[in-house]
Amino acid sequence: MLKINNIKTYYGNIQALKDVTIEIKEGEIVALIGANGAGKTTTLMSICGITPPRSGEIIFDGDSIRGVAADKLVQKGIIQVPEGRRIFPDLTVQENLEMGAYLRKNKRLIQQDMNYVMTLFPILENRRNQLGGTLSGGEQQMLAISRALMARPRVLLLDEPSLGLAPLIIKQIFEIVRKINQENNTTIFLVEQNANQALKLADRGYVMENGRITLVDSADNLLANDDVRKAYLGI
Amino acid sequence: MDYFLELFFGGLTRGSIYALIALGYTMVYGIIQLINFAHGEIYMIGAFVALIVAGVCTIYGLSGVAILILAGAVAIVYAAAYGYTLEKIAYRPLRGSPRLSPLISAIGMSIFLQNYVLLVQTADYLPFPRLIPDFAFMEPVAHIIGSPELVILVTTVVTMILLTLLIKKTRVGKGMRATQQDMNMARLVGVNVDRVISMTFIIGSALAAIAGVLVASYIGQVNFYIGFLAGVKAFTAAVLGGIGSIPGAVLGGLVLGWAESFSAGYISSDYEDVFTFGLLVLILILRPSGILGKVTKQKV
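Each protein sequence line maps, in turn, to chains A and B. The first sequence stops at residue 235 when you use my numbering, and every number in between is there. The second sequence stops at residue 535 when you use my numbering, and every number in between is there.
Hints should not be assumed to be uniformly reliable.
What the hints assert, rightly or not - Just the calculated beta-carbon pair ranges, DEER-fashion: (1) A:R128 - B:Y238: 44 to 52 angstroms; (2) A:Q75 - B:Y506: 36 to 44 angstroms; (3) A:K105 - B:V300: 38 to 46 angstroms.
In case anyone wonders, no lab produced these hints; they're calculated from the structure. These figures come from a predicted structure and were not determined experimentally. Glycine included, every Cβ here is placed at the ideal spot set by N, Cα and C.
Just chain A, same shape as in the assembly (with noise of 0.2 angstroms):
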């Protein structure tokens, strides 16, 4: 569904992702792990038309969308929800879910969907009117997958979704994806440093390091890997 080949992506003159290729088929799971700096979020800023790569390929359902405009590909149904969560401060909760669904016109199903992302988070219906900026980390990270779903992901793109939040809250997110990718057959592509849990949870796993694609495997395979264990897991 989504190809990834050989792309370079550059920084001014230094280059983030050197020959990075990454396959994702419909319905998977599949987990990109890494250290820090390794070209990880880089990968999805790539894939999302925010820092185009240079050369190589990008195909998605078989057309090749590297150089399209970010707004197009979300268009398209590739969503992403970035490091860091990034929620618009100055928006209520409603208005950031709105955000999500921007690009789409029917408002009865806008609104369906509104009341399924409170279903799934139950504390958005609380939060409705609040402002963004002041929901704690964990709510932020809901509202930044709720925001995410509003606009009908095909592929959903997360990047450390478990960052700088309490190990209760990782599992909810956690299953909260699993149930995403199952009831919905969305395809998601993980990005995270918490190799662990990223890897229980995907059906295949890249592993990152210097801007180079240095293993592919099933997750079974990685979770077993001795580099890997001794790498990511600190086992």
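Fit chain B to the supplied structure of chain A, relying on the hints for placement.
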């Protein structure tokens, strides 16, 4: 007491004009962190277009208020087109370059537009027709507030209500607020940021044109240089209120208007600018982000 009220309404009138122009500065700054130094020139162009339209209308014998509305409408369209084009040719190509580059480009556009009007029109002051009649119902309070002041106040209040509705309720407004708060995140939910920026310039320029027409018909003359002082004052108002903040621009405009009016009325009109800019310095020392300006905070 009457004297006080006269100064109060005088200051309010001036202040609301400053506010109208300051909104353009603050909206653009809020979205692309650029001080659009050519904004005063858009105001001046609005006044000139209105003068030309008013001249044509007078030949056809229209009444004052009808001319004012027509001239205002044409001026708004022209100014909006100028603002849109300005962004497209002078600022958009510099997006992503160091912050100083578009600033220099803005100063360049300001000088260019002034000289353009100087060349195609004239260096002299041109008389602008008095388009606002003296309303009979204003007779009893005419020593405190005149008909032109009333028209200016009503127009600015209506304009600001419309602007608030646009920003709070419409899709474009939501896109603008989202872009202002986090431009890349706005892209990631599907906002066409380029279009939002164009819209911001169009709206800001339209507001400047309204101010230009109102002031020109109030003062009774226009000149290629009027955008400079108005621009500096309105920019001061925007900074005073907290640049980037829309309510701040309105408040800053009013504070500046009153400061000028009261210092001129009670102390000396020679020192009017000394007091207003002194006030600016004072507020910036005590509150560097302006009266309603936000101290940036972020939760991780």
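For each hint, the structure was consulted:
no., hint, in the structure
1, A:R128 - B:Y238: 44 to 52 angstroms, "51 angstroms, holds"
2, A:Q75 - B:Y506: 36 to 44 angstroms, "58 angstroms, violated"
3, A:K105 - B:V300: 38 to 46 angstroms, "41 angstroms, holds"
Hint 2 from the earlier list is the only one contradicted by this structure; the remaining hints agree with it.
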